[in-house]
Amino acid sequence: MLKKRIIPCLDIKDGTTVKGINFKGLRNAGNPIELAKKYENEGADELVFLDITATIEERKTFVELVKNISKELSIPFTVGGGISSVEDVRKLLEAGADKISINSSAVKNPKLISNLAKEFGSQCIVVAIDTKLINETDWVFVKGGRELTHLKTLDWSKKVEELGAGEILLTSMDGDGTKNGFDVRLTQLIADAVNIPAIASGGAGKTQDFENVFTQTKATGALAASIFHFDEIKINDLKNELKNKNIEVR
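Residue numbers (the working numbering): 1 to 250.
No lab work stands behind these hints: they were computed from the structure.
A couple of the hints might just be wrong.
[To be verified] Computed cross-link-like contacts, DSS-like style, restricted to lysine-lysine with a CA-CA straight-line distance of at most 30 Å:
{"#": "1", "residue 1": "K111", "residue 2": "K37"}
{"#": "2", "residue 1": "K108", "residue 2": "K67"}
{"#": "3", "residue 1": "K159", "residue 2": "K234"}
{"#": "4", "residue 1": "K38", "residue 2": "K218"}
{"#": "5", "residue 1": "K234", "residue 2": "K13"}
{"#": "6", "residue 1": "K108", "residue 2": "K159"}
All figures in this text were calculated on a predicted structure; none of them were measured in a lab.
Construct the entire structure; sequences and hints are all you get.
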């Protein structure tokens with residue numbers, strides 16, 4: 001069985017880390033490089049950096065930031081935001097990223113997943129899925145959670161695996177930033193349906209939330225932001241508590 005991973009996520013806007021609730025109301029959370037180094041020292045297994053305002057102008061700045069991050073980190077990190085071509089991915093991997101995450105561009109052009117997997121290998125292709133429960137059905141959203149698609153989350157999860165994704169980053173928009181706990185129902189549904197690793201995201205507020213998602217679902221990783229950014233939970237304390245509950249963490 002894969003050991004569970006604790007993954008802090010840093011949303012980047014204009015070179016700064018920000019965090020909101022339900023994808024809205026962003027506030028400043030600090031310097032991404034300083035936070036990244038702190039998380040590595042505290043025992044994070046991986047990091048995720050998302051360029052949430054990925055316009056063309058921001059793209060160059062983000063590549064520079066990725067270069068600077070890779071100089072400072074020895075743990076793997078994933079980058080995402082506005083990636084829509086083989087060339088975008090090449091630049092970010094060359095800058096030092098270990099994995100890349102695609103979301104809206106994969107929905108718009110599913111073939112992109114297989115093209116990237118063919119070019120760079122499935123192991124570095126993460127498909128991020130932002131999802132919301134509407135009338136008893138989980139639906140996929142794109143454009144930073146602003147636009148509802150015609151895709152059911154369960155169907156899309158199976159499809160991205162089929163196309164060559166190596167991992168799914170599953171974010172419950174209903175839980176995002178609320179600190180009410182991970183969406184165990186949703187995570188269990190998706191993690192059971194696919195044979196690739198699934199990372200739970202959205203709603204972490206306390207240690208118990210990580211214990212719940214790891215014991216009640218097949219998620220191999222749990223991602224959180226604000227509880228780490230604002231020092232509500234220290235990663236090494238969290239990992240020690242999970243180990244005490246006999247949960248195998250890295």
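Each hint tested on the structure:
1. K111 / K37: Roughly 35 Å separates the two Cα atoms, so the pair is violated.
2. K108 / K67: Satisfied, since the Cα-Cα distance of roughly 28 Å is no more than 30 Å.
3. K159 / K234: violated (36 Å)
4. K38 / K218: holds (28 Å)
5. K234 / K13: OK: K234 and K13 at ~24 Å, within 30 Å.
6. K108 / K159: Holds, at roughly 13 Å.
Of the numbered hints listed earlier, those contradicted by the structure are 1, 3.
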